[in-house]
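**Student:** Residue strings, one per chain:
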Amino acid sequence: MSGKLCVSLTFAKNDTDKATVAFVVANAALGSNQDTLVFLSTEAVRLGVKGYADDIHEEGFAPLKQLMDNYIAGGGKIFVCSPCFKKRALDESKLIDGAQIVGGAKLVEFLSQGAASVSY
Amino acid sequence: MRTFGRPTAAHGESGDASGHFQTSYPACPRRGHTHVRPVSDAAWDAGDLGCGELVLELRMRMRKLERGQIMHLTARDLGAPADIPAWCRMTGDLLVHTDPATHSFFIQHT
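Protein chains in written order, with numbering that gives the first Met the number 0: chain A, 0 to 119; chain B, 0 to 109.
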């Protein structure tokens, strides 16, 4: 990996366009040999629950689940904001494969290692 | 001066008159960890506190320790198992032992 990129996403079904484009960009970063992290916070933590993204298909893009599956299969990281997840009373046993529930320190560690960041 | 609460015996620990608690636990396979639960010099049960609140308070409490002293942190937040090792890597304090069953982290101040 030649560099680090964090894609910060705060939307889920309340803006499927942003949620989709975030993973398109994350896949582009991964495909460009970047150590890539998608940080899901606020409403976006819902994307970390199995099944939630299955029916999201933004016109002009691949289905979100396919984008996410490809991202995970390619070695991309997904961090899920712990307090955001807890606030919404989501079930950690249904966390999607490849995702990790974290607090701020884990994100800060990644960013402090010279990562660039883009937000959706 | 802030005083720390004496560790409780809630998780099967046994204490002595000095207030130190030591119990043998199964070997921890992670590099840098001790296989035996270390003696702690201070303890803090952070409960469900997580994310920024957890690490900021932890930082304040760790700064009150002398170098080499060990904090027994209990943190039940879902993010703590990822956050505490990351926090240690950034601050330079050492995570010398963990016990997932009791949500325990033993951190040595450096």
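Read the hints as simulated data drawn from the structure, not as lab findings.
Just so you know, even glycine gets a beta-carbon here, dropped at the ideal spot from N, CA and C.
A portion of the hints provided could be inaccurate.
Covered stretches of chain B, as calculated for chain A (at least 3 residues, CB under 8 Å) [as the list claims (entries may be wrong)]:
id, region
1, 48-60
2, 75-89
To list a few chain A residues with every Cβ distance to chain B over 12 Å, as calculated [stated by the list, open to error]:
id, residue
3, Gly73
4, Lys105
5, Gln112
**Student:** Work down the list of hints and note, for each, if the structure agrees.
**Tutor:** Hints versus structure:
1. Three residues within the 8 Å Cβ limit are the bar, and the region 48-60 of chain B against chain A gives 5, so the coverage statement holds.
2. Judged by the Cβ-Cβ criterion of 8 Å, the region 75-89 of chain B is covered by chain A as claimed, because 11 of its residues qualify and three suffice.
3. Separation of A/Gly73 from chain B is adequate, the least Cβ-Cβ distance of about 21 Å exceeding the 12 Å criterion.
4. The Cβ of A/Lys105 sits about 4 Å from the closest Cβ of chain B, inside the 12 Å cut-off, so the non-interface label is violated.
5. Against chain B, the non-interface label of A/Gln112 is violated: not every CB pair exceeds 12 Å, the least being about 10 Å.
When the structure is compared with the earlier hints, violations turn up for hints 4 and 5 and for no others.
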